[in-house]
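2 protein chains.
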Amino acid sequence: MQRVTPESLVDALKSHFGDRCSTALAVREQHGKDESIFDVPPPSAVVFAESTKDVAAAVQMAAKHQTPVIPFGTGSSLEGHLLAVQGGISIDVSRMNKVLSINAEDLTVTVQAGVTRKAVNEAIKNEGLFFPIDPGADASIGGMVATRASGTNAVRYGTMRENVLALEVVTASGEIIRTGTRAKKSSAGYDLTRLMVGSEGTLGVVTEITLKLYPLPEAISAAVCSFPSIEAAVRTTIQIIQIGIPIARVELIDANSIRAVNAYSKLDLNPSPMLLMEFHGSPASVKEQAELVQDIATEFGGTAFDWASTPEARTKLWTARHNAYFAAVQSRPGCRVITTDTCVPISRLADCLLETIYEADASGIPYFLVGHVGDGNFHVGYLIDPASKLEHDTAEALNHQLVKRALAMDGTCTGEHGVGLHKMGFLVEEAGTGAVQMMRNIKHALDPDNIMNPGKIFTW
Amino acid sequence: MQRVTPESLVDALKSHFGDRCSTALAVREQHGKDESIFDVPPPSAVVFAESTKDVAAAVQMAAKHQTPVIPFGTGSSLEGHLLAVQGGISIDVSRMNKVLSINAEDLTVTVQAGVTRKAVNEAIKNEGLFFPIDPGADASIGGMVATRASGTNAVRYGTMRENVLALEVVTASGEIIRTGTRAKKSSAGYDLTRLMVGSEGTLGVVTEITLKLYPLPEAISAAVCSFPSIEAAVRTTIQIIQIGIPIARVELIDANSIRAVNAYSKLDLNPSPMLLMEFHGSPASVKEQAELVQDIATEFGGTAFDWASTPEARTKLWTARHNAYFAAVQSRPGCRVITTDTCVPISRLADCLLETIYEADASGIPYFLVGHVGDGNFHVGYLIDPASKLEHDTAEALNHQLVKRALAMDGTCTGEHGVGLHKMGFLVEEAGTGAVQMMRNIKHALDPDNIMNPGKIFTW
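Line by line, the protein sequences are chains S and D.
In terms of numbering that gives the first Met the number 0, the first sequence opens at residue 0 and continues consecutively.
In terms of numbering that gives the first Met the number 0, the second sequence opens at residue 0 and continues consecutively.
Just so you know, these hints were derived from the structure itself, not from any lab.
Among these hints, one or two may not hold up.
All copies of an identical chain are treated as equivalent in the list; a pair is satisfied when it fits inside any one copy or across any two copies.
[Said to hold, decoys possible] Here are the computed lysine-lysine pairs in the DSBU-like style, where the Cα-Cα straight-line distance is at most 35 angstroms: (1) Lys-403 with Lys-97; (2) Lys-388 with Lys-117; (3) Lys-211 with Lys-117; (4) Lys-63 with Lys-286; (5) Lys-97 with Lys-13; (6) Lys-403 with Lys-13; (7) Lys-388 with Lys-13; (8) Lys-13 with Lys-315; (9) Lys-211 with Lys-124.
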């Protein structure tokens with residue numbers, strides 16, 4: 000249900016923010032689209048916030064007019080998170096791009112919400128530190144908080160859930176609160192930090208984030224290994240995890256993805272299922288981990304265990320992985336992507352993957368598959384013709400079947416992309432009506448007028 | 000404010016639960032006391048639940064009479080969490096002591112809330128797995144969820160915040176919900192699991208818990224090292240953490256504690272500040288970590304680096320550490336303990352500790368100090384004469400000064416014990432009125448009649 004944004008609100012925003020409030024169609028359209036498949040009218044206005052005070056002022060004005068507010072970072076979300084499904088205004092935080100304090104001794108950094116993950120790493124690299132969470136896009140940290148993002152390093156370093164120490168948040172009434180301190184652990188009251196992480200802008204606008212950092216490993220080595228089948232690659236992964244090797248990355252790429260990446264990045268990777276792995280630690284420990292993994296891989300028929308020990312070779316490898324999504328999109332010109340995001344307990348991963356591939360192959364729709372398999376999380380991207388209702392419906396049906404399968408295995412419908420618009424139904428299947436009602440009760444208590452990114456995660 | 004428990008509720012509970020509902024004074028008194036310093040009248044009745052259904056039935060009956068419900072595990076909380084400050088009934092979950100499923104391949108276990116941490120480890124040890132979280136007492140897992148407990152292994156393995164995958168919870172209306180799946184990560188809606196962890200029974204009664212487990216390390220070695228001063232021990236710790244050595248435990252014990260432990264456990268440990276450390280990993284990695292740490296310790300004047308490589312020697316060492324609290328209590332017969340629990344960013348730990356010791360020494364009150372120093376968390380236990388108002392007030396004033404110091408250093412008033420009754424004022428100082436009001440709004444939404452452990456964490 001679209002709500003009408005009152006003219007008087009737009010006037011008030013323009014008078015307060017000057018040319019930092021735009022109603023130009025191109026600007027609004029850019030802020031009304033993400034990587035998802037939905038087409039929704041754009042927001043009525045876009046405010047470019049430069050400070051927490053700006054965000055608070057914009058939210059206060061919107062609250063006065065009971066008008067929706069949608070935070071915008073880089074626009075890379077995949078599930079329709081930033082679409083103005085009920086109208087309202089977009090608050091763009093990309094100009095809030097300051098690294099506020101680096102506390103190298105404490106392994107923490109505090110940044111504004113618009114700083115991207117790559118910018119964080121650029122700012123801290125001279126301190127010998129890094130921030131591991133890496134969704135595919137160079138997303139804003141605020142957006143990564145909102146979707147509880149993870150990526151390729153989560154198998155060792157955890158997700159945004161584990162790596163956010165504290166937040167500054169503008170609430171639905173435009174008040175500014177802090178949700179924690181820089182202490183590494185705390186039992187001081189409800190965990191508002193974790194409540195905000197993954198709340199997709201529905202409980203407040205995140206304006207500042209204190210993150211955990213890690214010392215750059217003394218040694219890093221990366222390897223690729225080809226396998227005769229997806230199953231062999233997955234069985235290798237399961238054994239690596241179960242015996243407790245502290246592998247830093249273990250990513251599955253299927254043959255479809257490799258063909259797309261080869262074409263996109265002009266590489267000549269062997270087009271068979273592949274694990275990309277990375278080991279972090281002291282030189283001796285990295286060597287030991289890698290030897291153990293090589294033994295396991297060999298046992299499952301892994302071949303062509305290629306090492307990339309120089310930073311350049313590693314960057315090339317991981318750039319290929321990070322480009323898999325865009326490479327696949329380009330492999331079918333004009334297509335749109337329906338992406339799945341299930342995550343299951345690792346003992347069920349092989350079954351889940353193989354049944355899914357069987358169905359995907361049978362459907363005839365072009366697809367690619369990549370997986371953070373060390374976590375039991377994988378993505379199938381169905382490359383559909385946007386003009387074909389049949390392909391759209393088939394892909395959505397495959398997605399639903401996959402979600403059902405994952406839930407039956409005690410897994411989740413979304414490992415890292417969030418619910419957004421796309422998985423609202425799945426959330427109810429997964430969590431049950433009682434738990435979703437509890438989420439709704441929290442939403443009603445913290446945002447009684449339903450102005451914070453309304454219509455996402457669950458229905459009001 | 001005491002509320003009166005209606006006779007009709009007690010009658011209904013007795014009729015439903017038979018002799019599993021007790022109103023005997025001794026039983027009520029045992030359930031109305033924890034390790035804290037408060038004296039409060041006991042609950043009106045105690046229900047011994049044997050299943051989630053029992054808990055739901057008891058909560059439903061209490062809800063009908065708007066009567067408080069207080070979950071009880073082992074009674075080892077330190078901040079008055081289980082005291083019936085507003086009257087009501089205690090739900091004892093200690094008979095809910097079943098390990099429901101061990102999923103060794105997924106490194107997870109699901110238990111009922113009354114299972115203790117030692118019982119978990121006993122149940123899984125033949126699988127080659129362990130559960131690392133170890134508060135001083137052999138607490139119930141439900142209680143550990145409620146207080147967001149941690150302990151000596153948190154520096155490497157995290158706290159209950161990081162190690163609970165999913166919960167089953169009985170809500171304030173007596174409904175049973177699940178807050179997650181066994182997937183290692185998820186972005187499916189609000190993080191109800193983390194909201195419940197640390198909520199101290201104020202949002203629901205935890206009935207089942209799915210925990211993360213870890214493979215038993217291939218090699219473990221433990222060491223003690225004496226230092227010429229607390230400062231030297233702390234500087235050693237800070238350097239260990241800052242260079243990223245994955246130490247599994249690093250505990251500080253002051254000379255007062257060592258003297259008490261020597262007397263209590265008939266040991267002859269050197270009565271000077273000491274670090275107890277443990278290293279987990281492959282044999283080569285453990286050796287490498289230990290050598291690095293020994294070099295750092297030596298640089299700061301550490302001496303008598305003693306190794307305990309056999310399980311028996313290690314158990315003796317850690318038993319001494321875990322007994323420190325009870326040993327100290329016995330060192331001043333008849334005393335009660337006021338325990339502090341601040342946690343600060345590690346760069347501020349030395350300053351925080353030294354100023355605290357200076358004040359404690361000046362006060363003349365006997366005390367001991369132990370610290371999970373790798374996390375920046377330490378406890379001063381003031382051993383006060385319960386008959387002396389002066390000692391009580393002095394100890395409370397020292398605690399308050401310490402909290403102010405920790406907050407000024409961007410730390411927390413409680414690293415792992417929780418807020419309970421004792422730190423309600425401190426929570427407001429730490430989080431600010433806006434954040435506490437947000438917690439309160441959540442409480443009002445999920446427990447509108449204020450029956451779930453009322454009067455804890457914050458005022459209604």
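For Lys-211 vs Lys-124, is the C-alpha pair at or below 35 angstroms within one copy, between two copies, both, or neither? both (14 angstroms within a copy, 32 angstroms between copies)
Homo-oligomer pair classification [Lys-286, Lys-63; C-alpha up to 35 angstroms]: Cα proximity of Lys-63 and Lys-286: none, with 61 angstroms in one copy and 63 angstroms across.
35 angstroms Cα threshold - placement of Lys-13 relative to Lys-97: within (24 angstroms within a copy, 62 angstroms between copies)
Up to 35 angstroms CA-CA - Lys-97 versus Lys-403, copy category: between (42 angstroms within a copy, 29 angstroms between copies)
With identical chains, the pair Lys-388 and Lys-117 could be close in the same copy or across copies; at 35 angstroms between alpha carbons, which is it: within, between, both, or neither? neither (38 angstroms within a copy, 57 angstroms between copies)
For Lys-388 vs Lys-13, is the C-alpha pair at or below 35 angstroms within one copy, between two copies, both, or neither? Answer is neither; intra-copy 41 angstroms and inter-copy 62 angstroms both fail.
Is it within a copy, between copies, both, or neither that the alpha carbon of Lys-211 lies no farther than 35 angstroms from that of Lys-117? Both, since 15 angstroms and 31 angstroms are each at most 35 angstroms.
Between Lys-13 and Lys-315, at a C-alpha cutoff of 35 angstroms, which is it: within one copy, between copies, both, or neither? neither (46 angstroms within a copy, 70 angstroms between copies)
My question is about Lys-403 and Lys-13: at a cut-off of 35 angstroms on alpha-carbon distance, are they close within one copy, between copies, both, or neither? Neither way: Lys-403 and Lys-13 sit 47 angstroms apart in one copy and 43 angstroms across, limit 35 angstroms.
In this structure, the earlier hints numbered 2, 4, 6, 7, 8 are contradicted, and the remaining ones agree with it.
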